[in-house]
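Student: Sequence:
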Amino acid sequence: LVAVLYLLTGATRRVDDALFEAASGVTTTAFSVIDPAGLGYGLLFLRAGSQWVGGFAALVLGIAVLPFCGFAQEFTDRSRFGGSRPLAPTQRVAIRNIALLYVPVSLTVWIAYALVGVGPFDGLLLAMSTVSTGGFTGAGGTFDDPAVQWVAIVAMLLAGTSLVVLWRLAVGRARGLLGSTDLQVYLGMHVVAVVLLLAWSGASGLAGVRRALFTVASSISTTGFAVDSVDGWATATPVLLLLLVSVGAMSGSASGGFQILRHRALLKLALREMVRQLHPRAVVRIRMSGRITDEDTLRQIVVLQFLFVAVVFGTGFVVAALGLDLATAISAGVHATATAGPVRALDGTVIEVASWSRPIRMALVPAMLFGRLSIYPAVLAVAGLATVIRNRVRLGRRLRAARHRGVE
Numbered sequence: 140l141v142a143v144l145y146l147l148t149g150a151t152r153r154v155d156d157a158l159f160e161a162a163s164g165v166t167t168t169a170f171s172v173i174d175p176a177g178l179g180y181g182l183l184f185l186r187a188g189s190q191w192v193g194g195f196a197a198l199v200l201g202i203a204v205l206p207f208c209g210f211a212q213e214f215t216d217r218s219r220f221g222g223s224r225p226l227a228p229t230q231r232v233a234i235r236n237i238a239l240l241y242v243p244v245s246l247t248v249w250i251a252y253a254l255v256g257v258g259p260f261d262g263l264l265l266a267m268s269t270v271s272t273g274g275f276t277g278a279g280g281t282f283d284d285p286a287v288q289w290v291a292i293v294a295m296l297l298a299g300t301s302l303v304v305l306w307r308l309a310v311g312r313a314r315g316l317l318g319s320t321d322l323q324v325y326l327g328m329h330v331v332a333v334v335l336l337l338a339w340s341g342a343s344g345l346a347g348v349r350r351a352l353f354t355v356a357s358s359i360s361t362t363g364f365a366v367d368s369v370d371g372w373a374t375a376t377p378v379l380l381l382l383l384v385s386v387g388a389m390s391g392s393a394s395g396g397f398q399i400l401r402h403r404a405l406l407k408l409a410l411r412e413m414v415r416q417l418h419p420r421a422v423v424r425i426r427m428s429g430r431i432t433d434e435d436t437l438r439q440i441v442v443l444q445f446l447f448v449a450v451v452f453g454t455g456f457v458v459a460a461l462g463l464d465l466a467t468a469i470s471a472g473v474h475a476t477a478t479a480g481p482v483r484a485l486d487g488t489v490i491e492v493a494s495w496s497r498p499i500r501m502a503l504v505p506a507m508l509f510g511r512l513s514i515y516p517a518v519l520a521v522a523g524l525a526t527v528i529r530n531r532v533r534l535g536r537r538l539r540a541a542r543h544r545g546v547e
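With the numbering used here, letter number 130 in the sequence shown gets 269, and the count goes up by one each step, no holes.
Heads up, a few of these hints could be off.
Stated by the list, open to error - Below 25 Å or equal to it, Euclidean Cα-Cα: the simulated SDA-like pairs (lysine to any residue) are:
hint: 1; residue 1: K407; residue 2: D435
hint: 2; residue 1: K407; residue 2: A449
hint: 3; residue 1: K407; residue 2: M427
hint: 4; residue 1: K407; residue 2: L437
hint: 5; residue 1: K407; residue 2: L379
hint: 6; residue 1: K407; residue 2: I431
hint: 7; residue 1: K407; residue 2: M328
hint: 8; residue 1: K407; residue 2: R424
hint: 9; residue 1: K407; residue 2: S319
hint: 10; residue 1: K407; residue 2: Q439
hint: 11; residue 1: K407; residue 2: V330
hint: 12; residue 1: K407; residue 2: L382
hint: 13; residue 1: K407; residue 2: R438
hint: 14; residue 1: K407; residue 2: G429
Said to hold, decoys possible - Here are the in silico distance ranges between beta carbons for each label pair:
hint: 15; residue 1: L382; residue 2: A238; range: 31 to 39 Å
hint: 16; residue 1: P243; residue 2: S343; range: 33 to 41 Å
hint: 17; residue 1: L534; residue 2: V154; range: 28 to 36 Å
hint: 18; residue 1: P419; residue 2: V489; range: 49 to 57 Å
hint: 19; residue 1: F452; residue 2: G177; range: 33 to 41 Å
hint: 20; residue 1: L254; residue 2: V441; range: 45 to 53 Å
hint: 21; residue 1: G177; residue 2: D435; range: 47 to 55 Å
hint: 22; residue 1: L485; residue 2: I250; range: 37 to 45 Å
hint: 23; residue 1: L382; residue 2: I250; range: 28 to 36 Å
Rather than coming from a laboratory, the hints here were simulated on the basis of the structure.
C-beta: ideal position from N, C-alpha, C; glycine also.
Construct the complete structure from the given sequences, taking the supplied hints into account.
Tutor: So, in structure tokens, the structure goes:
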């Protein structure tokens, strides 16, 4: 539908560009082939609004749909059974509670941008892009003002925070939140990454901290805002940012990536297997947030990890075969699957996806969709559709063969 609107309004005349732009918006990926300067207010609102709706849909999928369908079980204990007044006791209540958080946070961020001098319409676009982690900006030079950067930093930190944490704050159950391992890791990642960037860049003072924190928060939350290139920093900087994008933020947030909770589960699973190698008869239970994680959940996480890596490298292989150098191809695969941006070259410069060929851009669309749909159910849906099509084809062949025998 969004792609059709782009075609009907003349934003682009090519079907492939319309599909790419629509996929980037709905999946909250910071890719774009349309120059915002050439768009009217209606199309700018459509582009930012599509990613705002996409961010809300991703939260509903991850909190109110998948846990009730047997997926994302590693997050179920926190969202459905988190003491009194949990976030998602039922699907209907979950959707309502997500809206009660998502909409007010969006309005608050919009007001915050207005208070630091951003115009009402540009502030609305920025708020929708920040809260959804979509990364689309309308006017050029939006982040030239340090005050706007600070608002964006706080908003990106919130966007990468689990809705369970925000819900507990909203209902007055903040006690013990700082003891959350996921929250500690999430904040710790920002601190460590900022310290590394400051050390590598040689920057100092509040301006240096702001620039580093903005870049780190944009990467971890997979929002994709960019103040400028990092070509003046150490050569390891793009690698660090790519690692942060692939890890992502907290589970139950609008961000993409593999997410912190799953990485923690995989680390504990690896440690358990090493203990079992030393002590074959040992019974080692994996606990997450004080609760034992069952084996089916761990198996799902391992499969999801394999699928995530497969989509990343599969996409990277395809776009490399279509003409990108290997490093840029892998970076493009990571960013598309993590629904992040922008893609950076090895020297830290930002690469505009509009400069790539149309086949390369279209090859990124499936990765964006798989990444936003949590990969596992998306792969199962594709496999199920393929099975249905195959069965229908076989049935058609049998019917034609039966008719042929009847005629004879």
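Student: Each hint should be assessed against the structure and marked as holding or not.
Tutor: Hint by hint, here is what the structure shows:
no.: 1; hint: K407 <-> D435; verdict: 15 Å, holds
no.: 2; hint: K407 <-> A449; verdict: 22 Å, holds
no.: 3; hint: K407 <-> M427; verdict: 9 Å, holds
no.: 4; hint: K407 <-> L437; verdict: 10 Å, holds
no.: 5; hint: K407 <-> L379; verdict: 23 Å, holds
no.: 6; hint: K407 <-> I431; verdict: 12 Å, holds
no.: 7; hint: K407 <-> M328; verdict: 18 Å, holds
no.: 8; hint: K407 <-> R424; verdict: 10 Å, holds
no.: 9; hint: K407 <-> S319; verdict: 16 Å, holds
no.: 10; hint: K407 <-> Q439; verdict: 15 Å, holds
no.: 11; hint: K407 <-> V330; verdict: 23 Å, holds
no.: 12; hint: K407 <-> L382; verdict: 20 Å, holds
no.: 13; hint: K407 <-> R438; verdict: 13 Å, holds
no.: 14; hint: K407 <-> G429; verdict: 13 Å, holds
no.: 15; hint: L382 <-> A238: 31 to 39 Å; verdict: 33 Å, holds
no.: 16; hint: P243 <-> S343: 33 to 41 Å; verdict: 37 Å, holds
no.: 17; hint: L534 <-> V154: 28 to 36 Å; verdict: 32 Å, holds
no.: 18; hint: P419 <-> V489: 49 to 57 Å; verdict: 51 Å, holds
no.: 19; hint: F452 <-> G177: 33 to 41 Å; verdict: 36 Å, holds
no.: 20; hint: L254 <-> V441: 45 to 53 Å; verdict: 46 Å, holds
no.: 21; hint: G177 <-> D435: 47 to 55 Å; verdict: 51 Å, holds
no.: 22; hint: L485 <-> I250: 37 to 45 Å; verdict: 40 Å, holds
no.: 23; hint: L382 <-> I250: 28 to 36 Å; verdict: 34 Å, holds
Consistency note: the structure conflicts with none of the earlier hints.
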